[in-house]
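Participant: What follows is the residue order along each chain.
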Amino acid sequence: MGTAKAALEWHGSTMLRHVTGVVGRVVDAPVVVVRAPGQELPELDPRVQVHQDPEEGHGPMQGLAVGLSVAAEHAEHAFVCSTDLPFLHAAFVSAVLRGFDPAGVPADEADPDVVLPFVRGYRQPMAAGYRTDLAPRIAKLVAAQHLRPAHLFEECHVRRLDDAALLADRRLAAVDPELESVINVNEPDDYEEARSRPAPEIVVERYGVLATGSGGARGPRTVRAANIGEAAAQVGLALDGHILAAVNGDQIRGDGQLPLLAGDSVAFISADAGG
Amino acid sequence: MGDVTTPPGGYFGQALVVDVTDATTRTLPLPDGVLRDYLGGAGLGVWLMNELAPDGVDALDAQAPLAFVFSPLVGTPLTTSAKFAVVAKSPLTGLLTDALASSHFAIAGKFTGHDAIVLTGRAETPSTLLIDEEGIRLVDASELWGMSASDAEEAVRTRFGRNWRAASIGPAGEQQVRYATISHDGRHAGRGGLGAVMGAKNVKALAVKGRRRVDLADRAAVLAAAKDLRGRSFGPATAKYRELGTLSNLLAFNAISTLPTRNFQTATFAEAPLLSAEDLAESRSVAKKSCASCTIGCEHIYASKGNKKVRVEYENVFALGPMCGVSDPDLVLEASALCDDLGLDTISSGGTIAWAMECVERGLLDAPWLRFGDGQALLRVLDEIGARTGVGALLAEGSRHAAEVVGGGSSAFAPHVKGMEMPGYEPRTMQSMALGLAVNARGADHNRSGAYEADLKGDLDRVLGTDDHVRAAIETEDRAAVMDSMILCKFLRGVFTDPFDEWAGLLAKVTGWDVDADELHETARRIVLAKRAFNLRQGWTTADDWLPERFLDTPIELESGRVATLPAERLRAMIATYYAERGLDSAGRPAAVPTASGTEPTT
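As you go down the protein sequences, you meet chains A and B in turn. Residue numbers for the first sequence follow this note's numbering, beginning at 583 and rising by one. Residue numbers for the second sequence follow this note's numbering, beginning at 3 and rising by one.
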C-alpha cells in the first residue's frame, strides 16, 4: 500500500478507528488492538485497549495469541479481524459470534473453538470468531514456527459458516447481502475503489429542540453518512457537547467518529436529557 | 455550636417551630456549625427531622413535624434561587421525603426572619396559619376546605392581602391521600405525600409575608456572580428547558427504549408522537412562564380542548399518558390539570393507576372500566382517589399498600421503591438509574439521585450496570444533595463546568465561609448519610433498597435487537458497591452521623 493500512483515511476518520468502532458497537467487552513492536497507530476511541506483539515477524498468529490472551480477561469468545475491512458490518460480527451459540446447532458442530466464515469459497481467518482460551495453544504454535492460521485449524474444532449459513441471519442478509464485510484493501486501487463508494444510507431523526430549532421539516430523514459526525452535519447539527446520538436505539454516544453502517437509524437528542 | 447571635451571611440562624394545636411557637437556634454542615433546603430539612421527629412516629400523627426550609441563596439575585424544600416523614413510604418548589413563597417565608418554619401538632378545625415578622395567627379555614390549592391560595390573598404568599393543599391533602402535594403558585412540593401531612394537621394553607432581609458577606461579589450566572443561564445548556421544557424528553426517551409504558410492561409507546412536546408546542402552547427569580423559564403552558391551561412537564405526561396507555393529549392534559386541582402527585397517581389497570387486565381487581388507554377512566379514577371513594379509597394508599391488599402476585409489578412510585425512566435500559432508584432515601426518585445523567451521557453501557455505574450514580447523588440544599435549580446544572468549585464560590460570597469544593463534597456525603440515618430510625431495612421483581425477571428488547436485563445478582452487586463506596456497612447502615447536638447513633 505504501501507507500503513491502519492510518488510511476513511470518511474523515481512519481505517483502524472505523473498524474498531464497528466491532465496538457489537461487543460488551473492550476492543483490543494488537500492534507490531513500535508501530504508531492513529488516534483511537479511549476505550480501545492497545497491546503489542512481543516480537516482530511472526505474522497474524502472534497478534492472535496476544489479543486473545487479553480478551480472555473479559470474555469466552472474541471476534478477530484485520484493520483493512472497510465494509465490515456490525451484523456480520454478530452473525459470526452467534456461531458459538449452541442453540439449533448439530451436535457435531456444537462448542466450536473457531467460527470460521467461508465467503465465496474462501476462508476468512481474519474475520472470524475464536475461543479466547486458545491463546496458549496459539502461542505454542508460534513458538514452533507454525505461523499460519491453518495450523491452528488443523488441531481444533472449527465450525464453518458458508455464505448460506451467514445469510441465514436475516439482519445480515438485509444489510450486507453480498457479504462485503470481508472485502479487504491490499492495493492502492482497492483502497481508491472502496473510498469512492458513497457512504451508507441511514435514517436520522432529531428530537426536542434539535428538531424544532432547525427550521427544517421534522421526522425521519434518509441521508448518507459514514459516521455520526457526518450524519449530524447532514441535518444541520454540530456535535458541540450538547448533542448526543443513539444508534439503533441502543448506545448513546457523542463521538463523531463512531461508524455508521447500512440500515442504521440515528436519534439525535439533547445532551441535557432528563427532567 | 458556633455563635448564634451573628449568623453567617444568607441566614437568620433560626427556625420557627409552630405547634398548630394551640398556636404556640418556639424559636430553634440554628448554629453556624449546623448551617455549614447542612446548608439549607433538603440538607437542613433532614437535620431538622433528625432533631425533631420522634423515632417511629406515624407520618400522619400530630407529633410528626412538617418543615418548610429555605436556603442561604433565597432572596439573593442569583438565578433560580427562590426555592424551598418541604421535608417530613412520608405517609407513602414511612421514610424521609423532601420535595422542592420554586416560588415567591420561598422569599416571603424566609423574609419572616427564619431559615425554616416547622409545623407540629393538629389544629382543632381546618385552619390557615399566617406567619409574618410580627408573629403567627391561626385562623379558621372551614370555608376553604374542599377548594383546590390554587383557589385556596387566592382566597387567602383576597382575605388577608396580596402581599401574603400561601402554600396550600387541595382536596387530596384534606383526604390524606398518601401522595397529596403542597402547592404555591401552581408549583408543587410533589413527592411523598407532604399534602397529606399538612392535611393531617388540619392546615389548609400556610401563608407568609415578610420584608426582613439577610446580610450577605460580600454583596458586590454576589451581584457580580448573579450577573455572570444569569448570562450563562441563556446558553445552550438550558435551551431544552427554555424552548420546549422537560416534555421534550418524551420522544427522545421513546427512541431509546426508556419510556415506561403500560406500567413498565414495555419501554416504548407507539402513540408517543401524539403527546410530544414538538407537536404540542406547535398546536397548544399558550404561554411560557418562569418561577420567581429564574431566568430560564422552563414552564410551558398548553391548552386542552376545554381551554384548560395546563403546566406541562415530562413527568406528568409520562405518568398520565404512556404509563396508563393514554394517548389522547386532551385527556392527558385534563388529567394533569385535575391532579393540580386535587393536589395529587402526578407520578404516584399515574404509577398507582397503571398498576391498577394491569390488575384489572389480569383479573385481580374488580373495576372493569379501568383499562389501559381509556382516558375517561383515568379522569374518573383520579376523582375517586381525590375523594377516597370507590376504588379510589384503595388507590389513595399508593401502589405498594394497594398491592398488599389485592395480592395475587401484584406486588411484583407494583411500580415503586420504598412505597414511592417510579418516575419516567426505565431502569432496565438505564442501569445507573436503576441503582439510584434502588438506594435513594426518598424511594423511587429522579431528583435526589439523577443517575440518569450517567446513562444518557454515553460514557457507560447503559444496559450493563457495573461498578462504574455505581460511582457515576454516587456522583450525581452528591451533586443533587448540594444543589437541593443550597438551593439551585437542577436545570442550571449544565452551565457549571466545575460545579463543586463554583458552588463553593457562590456560598463563600453569600455566607463569608472559606468553603471549598472538598468541603462541599463532604457536605454532600453527610447529607446523604443523614437521610439514611433518619430512615434507619424510622424502620428502614436493607430489603427496602431494591427494585420490584418485574425489572429483575423480565427483559426489554432495544430497537437494535439487544436485550436489556437486570438480573438480581447484578443489582445486588451494584448495591454492595454503593454501600462500600459510601462507607456504609454491608447492610447499608451508616455507622454514625454527627449532628449539632452530638453524634447520632444509628444502630
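Think of the hints as simulated: they come from the structure by calculation, not from any bench. For each residue, glycine too, the CB sits at the ideal point set by N, CA and C. Do not rely on the hints blindly, as some may be mistaken.
Derived, one-sided and incomplete: chain A residues facing chain B with beta-carbon distance under 7 Å [claimed, not checked]:
#, residue
1, Asp690
2, Ala726
3, His728
4, Val791
Facing chain A, a subset of chain B residues (Cβ under 10 Å, in silico) [said to hold, decoys possible]:
#, residue
5, Val141
6, Asp281
7, Pro370
8, Glu455
9, Gly496
10, Arg574
Participant: Checking hints one by one. Is Asp690 of chain A an interface residue toward chain B, by the C-beta closer than 7 Å rule?
Facilitator: 29 Å, violated
Participant: Double-check Ala726 of chain A for me: the hint is only fine if its C-beta lies closer than 7 Å to a C-beta in chain B.
Facilitator: 39 Å, violated
Participant: Tell me if the interface restraint on Asp281 of chain B is satisfied: Cβ within less than 10 Å of some Cβ in chain A.
Facilitator: Holds. Min distance 9 Å.
Participant: Does Pro370 of chain B pass the interface check with chain A, least Cβ-Cβ distance below 10 Å?
Facilitator: 34 Å, violated
Participant: Should the interface hint for His728 of chain A be scored as holding, given a Cβ-Cβ cut-off of 7 Å against chain B?
Facilitator: 38 Å, violated
Participant: If you take the shortest Cβ to Cβ gap from Val791 of chain A to chain B, is it below 7 Å?
Facilitator: Because about 5 Å separates Val791 of chain A from the closest Cβ in chain B, which is inside the 7 Å limit, the hint holds.
Participant: Using the nearest Cβ pair, does Val141 of chain B come within less than 10 Å of chain A?
Facilitator: Constraint on Val141 of chain B not satisfied, violated at 38 Å.
Participant: Is the hint on Arg574 of chain B kept, meaning its closest Cβ partner in chain A is under 10 Å away?
Facilitator: 20 Å, violated
Participant: Is the interface hint for Gly496 of chain B satisfied, with its Cβ closer than 10 Å to some Cβ of chain A?
Facilitator: 5 Å, holds
Participant: Under 10 Å, Cβ to Cβ, is where Glu455 of chain B needs to be relative to chain A, so tell me if that hint holds or is violated.
Facilitator: The hint holds - Glu455 of chain B has a Cβ within 10 Å of chain A, the shortest such distance being about 6 Å.
Of the numbered hints given earlier, the model fails hints 1, 2, 3, 5, 7, 10; all others are met.
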